[in-house]
Amino acid sequence: MKNKALLLLFALMMSVTASSVFAANKENPLLISKKDTTQTNVVCYEVFGMDCPGCQSALEKQVKKIDGVADAKASFKEKQVVIEMKPGATVSEEEIEKRIKKANFTPGKKIKAAKDEE
Amino acid sequence: MLLAVLLSAAFQTKAEGISVDAGLTPAQDRIIVRLQYRNILNQMGSNDMVMHMMPVVVVYGLSSDVTVMLRNVYRAVGTNETMMEMDNRFMDPFLMGKVKLYRHNARTYTVGVAGFAGTTFPVLNNSLSKTYSPVVGVNASYRPGLWAFDLNNAYEWINYNTEENQSAARQLQVNLAVSRNIILPGIDNWILSPVQEFSFVRDNPAAGESSSFGFISPGFQLVSPHVKFETLYQIPINSSKTALDYGGRLILGLRFMF
Chain A
770 MKNKALLLLF ALMMSVTASS VFAANKENPL LISKKDTTQT NVVCYEVFGM DCPGCQSALE
830 KQVKKIDGVA DAKASFKEKQ VVIEMKPGAT VSEEEIEKRI KKANFTPGKK IKAAKDEE
Chain B
879 MLLAVLLSAA FQTKAEGISV DAGLTPAQDR IIVRLQYRNI LNQMGSNDMV MHMMPVVVVY
939 GLSSDVTVML RNVYRAVGTN ETMMEMDNRF MDPFLMGKVK LYRHNARTYT VGVAGFAGTT
999 FPVLNNSLSK TYSPVVGVNA SYRPGLWAFD LNNAYEWINY NTEENQSAAR QLQVNLAVSR
1059 NIILPGIDNW ILSPVQEFSF VRDNPAAGES SSFGFISPGF QLVSPHVKFE TLYQIPINSS
1119 KTALDYGGRL ILGLRFMF
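These protein sequences, in sequence, are chains A and B.
Here the first sequence stands for residues 770 to 887, numbered as in my numbering.
Here the second sequence stands for residues 879 to 1136, numbered as in my numbering.
Take these hints with a grain of salt, some might be off.
In silico DSBU-like links for lysine-lysine, alpha-carbon gap of 30 Å or less [as the list claims (entries may be wrong)]: (1) A:K870 x A:K881; (2) A:K879 x A:K855; (3) A:K867 x A:K878; (4) A:K855 x A:K878; (5) B:K978 x A:K870; (6) A:K833 x B:K978; (7) B:K1008 x A:K879; (8) B:K978 x A:K846; (9) A:K879 x A:K867; (10) A:K834 x A:K846; (11) A:K833 x A:K881; (12) A:K867 x A:K855; (13) A:K879 x A:K833; (14) B:K978 x A:K867; (15) A:K834 x B:K978; (16) A:K848 x B:K978; (17) A:K878 x B:K1008; (18) A:K834 x A:K881.
Calculated Cβ distances over 10 Å to all of chain A for the following chain B residues [claimed, not checked]: (19) F968; (20) V1001; (21) S1089; (22) F1091.
Simulated from the structure, these hints should not be mistaken for laboratory data.
Just so you know, even glycine gets a beta-carbon here, dropped at the ideal spot from N, CA and C.
Modelling step: build the complete structure from the supplied sequences, incorporating the hints.
In structure tokens form, the structure reads like this:
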């Protein structure tokens, strides 16, 4: 009886987590919206070493620690991270590359953010 | 005593089983919480023994090169038709450190090698014996594109008794996991990853004959940026030649990544 209760608890926990994560995902688009980029500075870096969505969140956590960074969205499919700066903030390339390395990935070249081109 | 050692080895719930981060160390300050449920069926003669193991693992990236891991397991006894006295309890905690030895991230692949060392600690009142089970190993990972090849190698001294200066058994484990990420259309940031694992275990008890057995384990993972679901079914190979006949093992897992 006790074992069945433990199994039931485990299954319940998995289903609750799945529904909450799927729901959160809809409100969290990969790239920064056009509206957001009109007043902020956006930079984009190639990043090598990411191979799953879990790598994305690890890299985003590191990059968001930089003073002056408002948001960061990484994509293992695109092999890049898009970094949104706070208005007026400047962040050195060395600092960004250091954070990418702390996430155990390798920074590539700085590329133009897709949304900047619009 | 031999039986106790066999049982101890049989109920280990180590990193093998969906061990996809083998040779790679996580990012600095990364926190990973891993919950698992393992249904383990063993037979001793014609007597069944069903165990429910629930390991909880907490991983923290001290730096990009060094990771620490703490694991504890709750064991619930299902069916026990043997003469062994088994109770529901927490097993000894296990502490492990993993160090990055090599990593190269290229545009089309990633290669990583990491070494690790850890041990159980007999800190609980219900520890059967005041022994340690130290383990050392080297893991390697090769990730070309959407594929992943992870090789885990570990050598363990099971129930090492510090007073007697010897372990009850030594065990070599080799585990290869092959998986491929499948990008799910219409669902951003989620991937499905079928996994096939091959495990080889060589038992060398202090007394009695050595034996080898293994598992062939198909499974899959569903991965998002912060949550990973894992399931694996371990099919035993050659275990009937060991004193304890291992049956199939179902593993269900949930991993949170912060």
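Verification of the hints:
no., hint, verdict
1, A:K870 x A:K881, "20 Å, holds"
2, A:K879 x A:K855, "19 Å, holds"
3, A:K867 x A:K878, "14 Å, holds"
4, A:K855 x A:K878, "22 Å, holds"
5, B:K978 x A:K870, "13 Å, holds"
6, A:K833 x B:K978, "24 Å, holds"
7, B:K1008 x A:K879, "56 Å, violated"
8, B:K978 x A:K846, "25 Å, holds"
9, A:K879 x A:K867, "14 Å, holds"
10, A:K834 x A:K846, "23 Å, holds"
11, A:K833 x A:K881, "19 Å, holds"
12, A:K867 x A:K855, "19 Å, holds"
13, A:K879 x A:K833, "17 Å, holds"
14, B:K978 x A:K867, "17 Å, holds"
15, A:K834 x B:K978, "23 Å, holds"
16, A:K848 x B:K978, "22 Å, holds"
17, A:K878 x B:K1008, "55 Å, violated"
18, A:K834 x A:K881, "22 Å, holds"
19, F968, "13 Å, holds"
20, V1001, "24 Å, holds"
21, S1089, "30 Å, holds"
22, F1091, "26 Å, holds"
Hint compliance for this structure: hints 7, 17 are not met, and every other hint is.
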